[in-house]
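Chains as they are written, first to last, in my numbering: chain A, 6 to 366; chain B, 6 to 366; chain C, 6 to 366; chain D, 6 to 366.
It should be emphasised that the hints constitute simulated quantities derived from the structure, not laboratory data.
A few of these clues could be false.
It does not matter which identical chain is meant; a pair holds if it fits inside one copy or across any two.
Restricting the straight-line Cα-Cα distance to at most 30 Å, the calculated cross-link-like pairs of lysine-lysine (DSS-like) are [as the list claims (entries may be wrong)]: (1) Lys257 / Lys357; (2) Lys257 / Lys217; (3) Lys217 / Lys357.
Next come the chains, spelled out residue by residue.
Protein chains: 4
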Amino acid sequence: MLGYAFMGKAHSNALRKIPYITWPPPLMPRLVAIAGRDEQAVTEAARRYGYERAVTDWHELVADESIGLFDNGGPNALHGEPTIAAAEAGKHVLCEKPLGRTADESHEIWRRVAAAGVKHLCGFNYRFVPAVRLARELIDAGELGEIRHFRGRYLQDWGEDPTLGTWRFDPAEAGSGALGDLAAHVVDLARFLVGEIASVSALVKTFVPGRKVDDAIEAAVEFADGAVGTIEATRLALGRRNAFQWEINGSKSSLYFDMERLNELQVFRADGDRTRGFTTVLVSEANHPFWEYWWPPGHIVGWGDTFVHEIHHLLRAIAEDGEVAPYGATFEDGYRAAEVCDAIVRSHERGKREEIGYRTV
Amino acid sequence: MLGYAFMGKAHSNALRKIPYITWPPPLMPRLVAIAGRDEQAVTEAARRYGYERAVTDWHELVADESIGLFDNGGPNALHGEPTIAAAEAGKHVLCEKPLGRTADESHEIWRRVAAAGVKHLCGFNYRFVPAVRLARELIDAGELGEIRHFRGRYLQDWGEDPTLGTWRFDPAEAGSGALGDLAAHVVDLARFLVGEIASVSALVKTFVPGRKVDDAIEAAVEFADGAVGTIEATRLALGRRNAFQWEINGSKSSLYFDMERLNELQVFRADGDRTRGFTTVLVSEANHPFWEYWWPPGHIVGWGDTFVHEIHHLLRAIAEDGEVAPYGATFEDGYRAAEVCDAIVRSHERGKREEIGYRTV
Amino acid sequence: MLGYAFMGKAHSNALRKIPYITWPPPLMPRLVAIAGRDEQAVTEAARRYGYERAVTDWHELVADESIGLFDNGGPNALHGEPTIAAAEAGKHVLCEKPLGRTADESHEIWRRVAAAGVKHLCGFNYRFVPAVRLARELIDAGELGEIRHFRGRYLQDWGEDPTLGTWRFDPAEAGSGALGDLAAHVVDLARFLVGEIASVSALVKTFVPGRKVDDAIEAAVEFADGAVGTIEATRLALGRRNAFQWEINGSKSSLYFDMERLNELQVFRADGDRTRGFTTVLVSEANHPFWEYWWPPGHIVGWGDTFVHEIHHLLRAIAEDGEVAPYGATFEDGYRAAEVCDAIVRSHERGKREEIGYRTV
Amino acid sequence: MLGYAFMGKAHSNALRKIPYITWPPPLMPRLVAIAGRDEQAVTEAARRYGYERAVTDWHELVADESIGLFDNGGPNALHGEPTIAAAEAGKHVLCEKPLGRTADESHEIWRRVAAAGVKHLCGFNYRFVPAVRLARELIDAGELGEIRHFRGRYLQDWGEDPTLGTWRFDPAEAGSGALGDLAAHVVDLARFLVGEIASVSALVKTFVPGRKVDDAIEAAVEFADGAVGTIEATRLALGRRNAFQWEINGSKSSLYFDMERLNELQVFRADGDRTRGFTTVLVSEANHPFWEYWWPPGHIVGWGDTFVHEIHHLLRAIAEDGEVAPYGATFEDGYRAAEVCDAIVRSHERGKREEIGYRTV
């Protein structure tokens, strides 16, 4: 594990829970080591989460032959080099999003890791919310018909809190602000649920004086299959704490979701006659995604549990030599999200609609 | 009254209710005449709504000296000529939105009506929803602080119903589709609540084969005062019947509204400490806008009642020789909304961000 | 019309709207006269609502042969004598709820009015909310299966407002407090939707010092067909302004309703598989009850409009010599609700479960 | 640990998470042994959850001197004897609710365990939902004023599922149906938030043919401090999966909660003027109860996490020789809930209001 802060805690919690929640687990995780720059902090983190040892130099993790999976939860600037090194040392890799700080960097990470032949998963954990997976399954089954609209917005409001942010406000460390932090999630779910994005007509905005990264982005988007909609992200939507909200309108059904009520999916079906309307599905039934691991219906899960599903998915792919795609985000997905984010910046700077082209490896 | 269909019914209902709901009324309406092209239908409408006579030629209304207010609820193509003629004949005028089919046409209507020196109100009735007026009053009182975001979308879903639409799908009659019908409302409330729109980066989309007007528009927008956001409108958001939803995020408060629950305003205030959150204000108290006319708190009003407030406002301006602005939309507001709508089309066609300039008369 | 305050306004509004909203109306109302004790106030009310004359003695209404329908919206103590007198003078009668202040008084009103052979409707207007009627139609069609539970509560919070109440806090005028004012509505909808009430185990409570009527009642109830549940009413549920909420659980579906969102009915259907949940039905479609009179879907109605439906129903029964039952509440329904209310008081006083027996005429 | 099914999983999960989520933990749990009747199942449970050994006879746990805390998650019939034995062997005890199957049995458990001088906690885990604790803190701070109403209902709908239930439908094993399973939770939170219950006027109902325990209970209740309200529980409220809903109305504020949205508390405050209404507080801020352990605001927790809080509370009481009360439910609380449940049955059988008396040890 690289990183012991927010993502380090979230991933470690998942690694600790998988052995007994997803029984029998595909692989039994052994928490070999955790790396971080602050020796005291990383030492305490190792004790707290049960890692066998703490290191202050991530190269030690790469060099450790007993490590089979390298999990990168560090700042964005530390995504590329360690992840590539680990993969080239033959380790499977999980890297938090955004994969790189730019499309170029992301492409390079993808290219070299893919060439290494290891399993790779980019940490778009919201694919592993039960309600999001259910949405995907409904779409795959054709229950939405032709999709016309996607409206996605990721709204938070801590952008003016002087106690928060740290490296996330530093362009060198983070690469961008709300764009890579929040909009990348919207882009990934848009791609996961609707399909490839063809163009963006976008704005990038910084409100806070002295802030060196963006606070918000706004984009009108076209999808390759003809749907149109919007993608928005901001750290200044007062009162919205973790409101990743999206709506999809198809010719047969519509879906609505809000991460602040992540156990619920709202579904409208055209076939309901006099009792039609948006149905609040409490996604917690035995026949709902991931629910085999949890509790009786109605006994909801939390945000942290999405990582249990995500890492379990990766461990199973490793154990069975299976595919991370399409339910998990590969590094190709990480790269493609970065292409869209880059296009948002270009559209803003050039004042024009940007068509998006995707590179291969 | 010109028109006896949807808007004719809505306006006539308001004219009938004003005398006893808004007691004492500023003026006592006398329903002199109603005009429409279908003689049998307009005759029945006159009997139904209590107009003294029915005519099939609107020129008769213009020529009738006993008429003091000309209310135009006809198709968009019939907004200009009759409204201008009535104003130039010295009658006050109420014209449904969109004022004209283009910015040019709208500007011409505004220019000539303003020159006639009569009162003019453009039928953006949603300014007269109690919750919308309350939002405006909170903003005017500085309770939102600096506004950062406006997200407005007007979603309906009848765009594929073969029994609906009629002139609304005819470019000559309507001028546009969702743009003038729905997006114009969003533009007006954006201007009413946040301020002037500076630029749009937009898409226009027609989904239904053979359809000659747009089905949907998507736009990223900048406001003159620095806020950014989105404006969306569609007739193909399955399950959304009349969902004019908007959210405003300020530095001190946020607001959220949905026309399908038009009696409610959601308000987030930064000062709530441990009990902060979005408050669902049921806008029906004695100290809420327009509520002096209605029922005890909690006894909600309907969509049709917004027209009571709107026409009452106009009648009072006439009676007292007061201003329609700023709470009512004047023809200048009607024109400015049209400029934004035109810019949306241009942005789509040119693939670039369009700055918006406003003409004077 | 007897009464010009809250109910006088609500009924007069309905009488004014019926001619053009429910087109063609079953009968064209002529507003002959309105009665009230305060000469100045009733004279102004006549001018406001368009009654041909105002009288201060209700006997004049009874004596007026041009009056065919006597509409009693006066205080509870004035329900009995004028209504009976009007019926015995051959007029059809509409009387606000509660029919009488006790079961005995209610029975006497029903008995004598029924003997007069006129049409009679007791003003349980909530039967005429579109969502409530839809609920009834779903139940009649067997879509709920066997009903197990009814939970109904009518919550308001003006019980401590010193400016309100007037005759409603006077036992002689009102007969009771929340019991006749609010609980009677719950009892009526329980009977309308589920069936006859067999027993109550109840409490009656007065919180406000010096208050001579009840502020709240609480009851566990059994229905004749085996369902069990609760009936509650209070004027001291802070924040609930007009929250008449009820839920019904059947073996095949469940329903939930809240009067503060009276355009919505929540429906759970057992047959939804992975997309099951409570569906928020916006009751405003062409195939929904009463919607033929109104606007396009999603354009909601208000509380006042329920009286349009109610009085239209009565006028049609008069015009066609049809039945007020089962969709309208007859005076028998008014009496039966009073029996349940009396049983609530007895249960409280005796500290025991009270079985309820119903008298015939 | 006694029991490896639903509660065994929930408690084991908590014991596994406490060491790293509540850092530093008050005590570091060592999972010594788990007991269950089915040797194969309990052996697998030990492997799954990390217990050092599995036993089929709970006496072995009592005899094991290395065990300091005996956690009883077995069927109700197995609550008494093992828990008393463990306590008398000097172990601290956690026993799932209901404490015993009757008030007598519960009193005996409380009496003997209290005499043993160990810490005792009865598993009313819903006291440890952050929103419920926040409610308690608001009430303790006087923010509700005088409490007038409590309306609590615990609604589930699996009562007709032939695959569920097992020992829960067996009167010998369970003691009762919805009463001990669900209503006991309502009673405990009523006591936790409002105060002691003085009387109940109740019904008990069994709908399913052949069912030997109750399916539902309905009660009108009085509190010692004057509040009145209702307590309801059912396993046959179709569509309600885990809907433990309660509302409290005070003279200054009201609160509403639904376990299906357990991260939210709805709060109405009388002091909000024109922006009053029910506020949906997303209970996930740094200054909210238990949130120091978790994620950034808006990143919600799940049902299972309530046990982390509960067992952490007990471990801290053990570590610091502190009190389980008032935030945790002691065995006295378990007994008192049983007295109310017994009174509900008596009220049903006798057809009268039952005053409740509480015994001491």
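Structure-based check of each hint:
no., hint, result
1, Lys257 / Lys357, "neither (33 Å within a copy, 33 Å between copies)"
2, Lys257 / Lys217, "between (44 Å within a copy, 23 Å between copies)"
3, Lys217 / Lys357, "both (23 Å within a copy, 26 Å between copies)"
In summary, the one numbered hint that this structure violates is 1.
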